[in-house]
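J.: So the chains spell out like this:
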Amino acid sequence: QVQLVESGGGVVQPGSSLRLSCVASGFTFSSHAMHWVRQAPGKGLEWVAVISFNGGTKNYADSVKGRFTISRDNSKNTLYLQMNSLRTDDTTIYYCARALTYGQAYLDYWGQGTLVTVSS
Amino acid sequence: DIQMTQSPSTLSASVGDRVTITCRASQSISTWLAWYQQKPGKAPKLLIYKVSSLESGGPSRFSGSGSGTEFTLTISSLQPDDSATYYCQQYNSYPLTFGGGTKVEIK
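Protein chains in written order, with this note's numbering: chain A, 1 to 120; chain B, 121 to 227.
Simulated from the structure, these hints should not be mistaken for lab results. Hints are supplied without guarantee of correctness; some may be wrong.
To be verified - Think about it this way: if two alpha-carbon atoms lie no more than 27 Å apart in a straight line, the pair counts; the simulated BS3-like pairs of lysine-lysine are:
id: 1; chain 1: A; residue 1: K58; chain 2: B; residue 2: K165
id: 2; chain 1: B; residue 1: K162; chain 2: B; residue 2: K223
id: 3; chain 1: B; residue 1: K165; chain 2: A; residue 2: K43
Model the full structure from these sequences, guided by the hints.
T.: And the structure:
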């Protein structure tokens with residue numbers, strides 16, 4: 001069965017960096033676009049970033065552009081989110097999610113999420 | 121960016137009731153709309169994609185309709201397990217955007 005398992009969350013200070021990982025199993029990871037979506041506790045969903053199946057195309061929300069970088073290693077079935085210059089408003093749960101393709105971007109499987117807390 | 125507006129933000133209904141949630145897009149998104157269900161402490165779960173296509177394994181009491189800028193999610197007969205928050209999402213263009221959510225409570 002399809003599984004997405006995020007890790008790497010934690011408590012960090014403003015201005016610091018963190019890298020999230022999402023390990024995929026149960027499907028052909030290299031055939032699917034992958035996304036990061038975040039959700040502040042008790043709030044709605046905010047899309048963060050997407051990467052195409054081969055890593056050739058990426059796109060970001062304006063709120064993270066220039067600070068976050070999405071990448072993938074298809075040999076390791078792993079998706080990453082490198083987060084730099086973290087701010088207090090980046091404090092949220094981060095989910096990785098699978099899409100059929102870069103264009104067919106409905107998210108059919110989600111991980112359980114990893115919590116990032118940015119606080120001094 | 122395309123803004124997605126859901127209404128109502130909260131609704132309370134009885135078991136067996138027909139429930140409708142509305143989602144409006146700030147510009148036409150054709151039929152590129154999905155609906156998700158999220159229960160407390162859990163990740164969202166895809167219910168419907170391309171306006172009306174029910175995700176595999178999804179209960180048939182859920183249906184979607186609409187096109188262009190106005191869309192609806194209907195639960196034909198509300199069940200206790202349907203207590204959750206529902207989100208619409210457009211994938212017509214990037215950035216992907218979600219509605220603010222509708223919390224469905226059981227009376």
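J.: It remains to establish, for every hint, whether it holds in the given structure.
T.: So, going through the hints one by one against the coordinates:
1. A:K58 / B:K165: holds, 24 Å
2. B:K162 / B:K223: holds, 14 Å
3. B:K165 / A:K43: Judged against 27 Å, a Cα distance of about 16 Å means the pair holds.
In summary, the structure agrees with every hint in the numbered list given earlier.
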